[in-house]
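Asker: Below are the chains, spelled out letter by letter.
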Amino acid sequence: MQKELETYFDRLFPICRSITGNGLRQSFEILQEIIPLQLTEVPTGTKCFDWEIPKEWNIEDAYIITPDGKKICDFKKNNLHVLNYSTPIEQEISFEELDKHLFYIKEMPNAIPYVTSYYKENWGFCISYDEYKTLPKNGTYKVVIKSSLEKGSLTYGDLILKGESDKEVLFSTYLCHPSMANNELSGPLCLAFLYKKIVELKKRKYTCRFVIAPETIGVIAYLAKYGMYMKDKTVAGYVMTCCGDAGNFVYKMSKQETSLADIAAKHILKHQNIPYTIIPFAVGGSDERQYCSPGFNMPVGSLTRSMYQQYKEYHTSLDDKSFISFEAMQKTIETYFDFVRALELNDVYKNTIPYCEPQLGKRGLYPHSVNPTINRKIFHDRMHLLSFTDGKTDLIEIANKKNISIFDLEPHLNPLIEAGILKK
Amino acid sequence: MQKELETYFDRLFPICRSITGNGLRQSFEILQEIIPLQLTEVPTGTKCFDWEIPKEWNIEDAYIITPDGKKICDFKKNNLHVLNYSTPIEQEISFEELDKHLFYIKEMPNAIPYVTSYYKENWGFCISYDEYKTLPKNGTYKVVIKSSLEKGSLTYGDLILKGESDKEVLFSTYLCHPSMANNELSGPLCLAFLYKKIVELKKRKYTCRFVIAPETIGVIAYLAKYGMYMKDKTVAGYVMTCCGDAGNFVYKMSKQETSLADIAAKHILKHQNIPYTIIPFAVGGSDERQYCSPGFNMPVGSLTRSMYQQYKEYHTSLDDKSFISFEAMQKTIETYFDFVRALELNDVYKNTIPYCEPQLGKRGLYPHSVNPTINRKIFHDRMHLLSFTDGKTDLIEIANKKNISIFDLEPHLNPLIEAGILKK
Amino acid sequence: MQKELETYFDRLFPICRSITGNGLRQSFEILQEIIPLQLTEVPTGTKCFDWEIPKEWNIEDAYIITPDGKKICDFKKNNLHVLNYSTPIEQEISFEELDKHLFYIKEMPNAIPYVTSYYKENWGFCISYDEYKTLPKNGTYKVVIKSSLEKGSLTYGDLILKGESDKEVLFSTYLCHPSMANNELSGPLCLAFLYKKIVELKKRKYTCRFVIAPETIGVIAYLAKYGMYMKDKTVAGYVMTCCGDAGNFVYKMSKQETSLADIAAKHILKHQNIPYTIIPFAVGGSDERQYCSPGFNMPVGSLTRSMYQQYKEYHTSLDDKSFISFEAMQKTIETYFDFVRALELNDVYKNTIPYCEPQLGKRGLYPHSVNPTINRKIFHDRMHLLSFTDGKTDLIEIANKKNISIFDLEPHLNPLIEAGILKK
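Residue numbers (this note's numbering), protein chains in the order written: chain B, 270 to 693; chain C, 270 to 693; chain Z, 270 to 693.
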């Protein structure tokens, strides 16, 4: 899987994406090779709750020619150099004038920052502070941005994978940043490869909904269409973002904190035997802000690794391939898949012999003779399951009561159901 | 403020107060210079629940002449020398007889203890153990107590500061101990100066009730008259006592533990960045015993510093001006004032755009371009507020969810209300 | 008490008990000298929920003669040598054949393991690994087991000690293991001697039910008869097992976790000032498995010391007299007795003067003069009691609120009831 992840990463990374435009569409097309997303175009000007779909932005080229004839801030070398959503310009100007349109970070002198201006028309360039310092103060600069900002549409993709029930599990991520790794491509890649694992499950109780949309405005457009239905049907959901580097897992709870999404995530993380943190819902984040807005308040959490705004490379050219790990990305996918497995497995069962223990021995489910040093875990897990299946307590809670994994209970279900002493 | 506090302290300290009498009235008159308390006289013999107003006690002088002619236990030098509520006496007696009427503390040989006998008629003197040890065992002592114990009345003072609502916030303290500092004057001084700050607030939601009464019997008399009304109207209350020394803050919760009084106090203390302790309700205390008695069970807590019975100078002549700090007293007043500010500010709001986030940018409430290193706290506080204003969660709880102060949310309220995206 | 415990232990230890048979009956007869249990015989073949009473097992003798004429695995020397419930056999066989019927523990080479085969007919011997290793591989072995497995009955004993109410407190233990100490005799001995203490109480609110039965099948037979009644009446119950060695106390909660059984046990253990552990209900245990099965879910916990399956001597010949301590056993009995005392004392009272404090001084329940250094605990405990007796909060909860023992409140009850200010 890691090799494949890397191949797709390498194809997607160079593309200049934004919240609209052909870079976005091109990225969706590549992802469709992995997950058959259905794409939707939402026209410029469409009202979505408090928002409106902006003009579509496309860009061909951008650069600056310095007074001494050097080409700098070359979009073709790094698309972060251009202020995302820049209006077109081709003009000769002084350094003083140019300076008002340059973005850099003094504290990170070798990084090109990622800056956008979606909702106020502006043009600009992003540059490392090291390079900025070398710019001559006199003479004439030529600035060129060959972009367009016109009526068009915003693109999002989704896919519904039907299960036995119309109750849904949601996976959502964003596609809208140009060449960045952890805070852009880790989400869509993990979501797409998670889809590949889920689609192979023979039996699925829940319908799975996969959403890839430009952050904020894209998900708002999506929720304007499907939000009320999803509020009704979603039992658990996760926003996949910043999940591709080697940092420890962080699970950000939904506002509900005790939703099935949260219970399953905490349960799986607890039994992985690797460090992790649980944090409450907070607005400094991604699209869980929309899913958990007070009107929706859906059970949507988010499993990340090095989190947005918490690592210094965030939103700069340093969030690149060297920052991430395909091994870590695979572990993220597997962990999310374990969330799905736990949700699918979790259910409420009833012990059909509720008064005193069922006699397991006569059914071949308990040994006839027990040596004092025998490992009793397997029998005790089975008896524990029977002792707590009261028709009210679900399997995750039953596992939590013994501090074992729900997957430790799994092998006991069928034998007990076949023996007639357990039923749904 | 500290200078003023000290001036009033110096005027109040020498007066011999008790639960009734002219020393009490004289003290009330001085306090009325700061807070316009209305005084009430409750006649001797009035029944108040299980209690009855005792006779009024007044005293002019008291002393002992030793066999060798020395005047000791001179009331005019320190009014703690006389057993509070002593009956009058003028008699010559042996040391043996006198000894039955002397109170001292072996373990604190330089302290004059404070002892009372309100409900059983007795006379007596309080003396340091150091002095007690020097008393000649032979010869005749002359004891003089020029006091009176007669039908009269008990005095208490209160003031109602009307707010927009008839829901009330209570501040209660006692006035009844003779010359002691932390465990007597810190309470009335803090209450009076807190009043001065509250009265200057331009707008007040809550009606504030200020009560100064002799401890126990005075508050019982007050509650016999107003208790049922207060039980209905009081949303938060605090007993102000032992709050004038430099010890760390201790907040004693009401019995309810989760009342608004408790929530506000814990919230303010948490964000002061100075050490403090939270303790449960306990009967070893002051008038919260009456306010929180099982029939009333009002939301009344108490913020103290070095607490009654927990510091060795308590109830002795060593609880004097040197024990307290006017700087600390001012901080106590400011902290109580913050409780009031938090209670006044706290309310339930509703985000008028509950589905997905409101677009703050178009309202000038979010920057158009965001550099990666920007300090996002101010925007995140604002978005956090909007994300949790669901018409049910109040501001303190919303602040607690982000571990910030309610005062961090305050500057966002008006801009959001004016923008039409927040309402009560 | 310790001497008596030891005498009974020495008489009971050598007897070969099982889940049925004369060894069991003989043991009951000895216990009846301490507690007048009523014995019941349940015939072979009786259906009890999912189970059926097995044939009755009796044994006279068992041994092996080695090829060199040595008598080993001599039942008369240690009854653990025979597989409990062995079918009769008298036969000459090869080592190879014998080996299939030998039980030993490599990891504990000097221990004879305790092994049973109640529900599948088999014969066998248990032997220390040290001895096993010396057995000649060639030649003929003679195996003799003079046992019988025939229609008969299972014996259990119970005793109902009537109290004022038909609400019950249950004490249950098992009798069925041959010569073992902590995991057999500690339970019946503690239960019997606890009975002796309870029967001496002058007044008992609760009816006490004492049950001694073979583990699992015996209690299942008992519950088949009385379970529904007990489910209705039992307010607290305890399974007494593994409670005779010097290990620290472990309290295993009922599934309810907040039942009166659990609250009382935790309260008493907290105030004993000796180390202890509280653990949740788990199926690796004793007859609480039946009492807490999902259909019954009774408030039944268990106080143990070194717990089943947690000490290496468990279910071997090393769990003998040297493993236990009669001093510890006495402390177990006293602790269980404190559970009973707490349950008996615990009740809901009402302060008849709920508005403000009752005036204790006029009733002689508070001193007229209080020196600053007085120990206020006794008055504060009394006032605390009055402050929380609201007709809803019980005494254990009231004590917990002050982190004192319920027995600290006990001396205040009668004076306050007699003074007319407290009532049930």
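Since the hints were derived computationally from the structure, they do not count as laboratory data. Fair warning: there could be bad hints in the mix.
It does not matter which identical chain is used: a pair holds within one copy or between any two.
[As the list claims (entries may be wrong)] Using 25 Å as the maximum straight-line C-alpha spacing, the simulated SDA-like pairs for lysine to any residue come out as follows:
#1 K631 x T315
#2 K406 x G292
#3 K494 x T309
#4 K471 x P549
#5 K339 x P378
#6 K465 x G630
#7 K646 x G553
#8 K389 x L634
#9 K471 x N672
#10 K345 x S638
#11 K316 x L629
#12 K340 x V413
#13 K345 x I622
#14 K415 x P378
#15 K420 x Q628
#16 K406 x P378
#17 K502 x N672
#18 K535 x R280
#19 K411 x Q360
#20 K539 x P549
#21 K631 x L418
#22 K670 x E526
Asker: A separate judgement is required for each hint: does it hold in the structure or not?
Answerer: Now for the hints, and whether the structure bears them out:
1. Taking identical chains as interchangeable, the C-alpha atoms of K631 and T315 lie at most 25 Å apart only when they sit on different chains, with a minimum of 16 Å there against 68 Å within one chain.
2. In this homomeric assembly, K406 and G292 never come within 25 Å of each other (Cα to Cα): the closest approach is 35 Å inside a single copy and 82 Å across copies.
3. In this homomeric assembly, K494 and T309 come within 25 Å of each other (Cα to Cα) only inside a single copy, at 11 Å, whereas the closest approach across copies is 68 Å.
4. In the homo-oligomer, the alpha carbons of K471 and P549 never lie at most 25 Å apart, since the shortest distance is 34 Å inside one protomer and 37 Å across protomers.
5. In this assembly of identical chains, the alpha carbons of K339 and P378 lie at most 25 Å apart only when taken from the same copy (20 Å versus 86 Å across copies).
6. In the homo-oligomer, the alpha carbons of K465 and G630 never lie at most 25 Å apart, since the shortest distance is 42 Å inside one protomer and 38 Å across protomers.
7. Only between protomers do K646 and G553 lie at most 25 Å apart by alpha-carbon distance; the minimum there is 9 Å, versus 44 Å within a single protomer.
8. Proximity of K389 to L634 under the C-alpha cut-off of 25 Å is restricted to the inter-copy arrangement: shortest distance 13 Å between copies versus 70 Å within a copy.
9. Taking the shortest alpha-carbon separations for K471 and N672, neither the intra-copy value of 28 Å nor the inter-copy value of 45 Å comes in at or below 25 Å.
10. Proximity of K345 to S638 under the C-alpha cut-off of 25 Å is restricted to the inter-copy arrangement: shortest distance 23 Å between copies versus 75 Å within a copy.
11. Within a single copy, K316 and L629 get their C-alpha atoms only as close as 63 Å, which misses the 25 Å cut-off; across copies the closest is 15 Å, which meets it.
12. Taking the shortest alpha-carbon separations for K340 and V413, only the intra-copy value of 10 Å comes in at or below 25 Å, while the best inter-copy value is 102 Å.
13. Proximity of K345 to I622 under the C-alpha cut-off of 25 Å is found in neither arrangement, the shortest distances being 71 Å within a copy and 41 Å between copies.
14. For the identical chains of this complex, K415 and P378 are neighbours neither inside a copy (27 Å) nor across copies (86 Å), given an alpha-carbon limit of 25 Å.
15. Within a single copy, K420 and Q628 get their C-alpha atoms only as close as 73 Å, which misses the 25 Å cut-off; across copies the closest is 20 Å, which meets it.
16. Taking the shortest Cα distances, K406 and P378 sit within 25 Å of each other inside one copy (19 Å), while across copies they are farther apart (82 Å).
17. In this homomeric assembly, K502 and N672 never come within 25 Å of each other (Cα to Cα): the closest approach is 30 Å inside a single copy and 32 Å across copies.
18. Proximity of K535 and R280 under a CA criterion of 25 Å is satisfied in neither setting, with 34 Å inside one chain copy and 54 Å between copies.
19. Taking the shortest Cα distances, K411 and Q360 sit within 25 Å of each other inside one copy (6 Å), while across copies they are farther apart (109 Å).
20. With identical chains, the CA atoms of K539 and P549 are at most 25 Å apart both within one copy (16 Å) and between copies (19 Å).
21. Taking the shortest alpha-carbon separations for K631 and L418, only the inter-copy value of 18 Å comes in at or below 25 Å, while the best intra-copy value is 76 Å.
22. For the identical chains of this complex, K670 and E526 are neighbours both inside a copy (19 Å) and across copies (12 Å), given an alpha-carbon limit of 25 Å.
Hints 2, 4, 6, 9, 13, 14, 17, 18, counting from the list given before, are not met by this structure.
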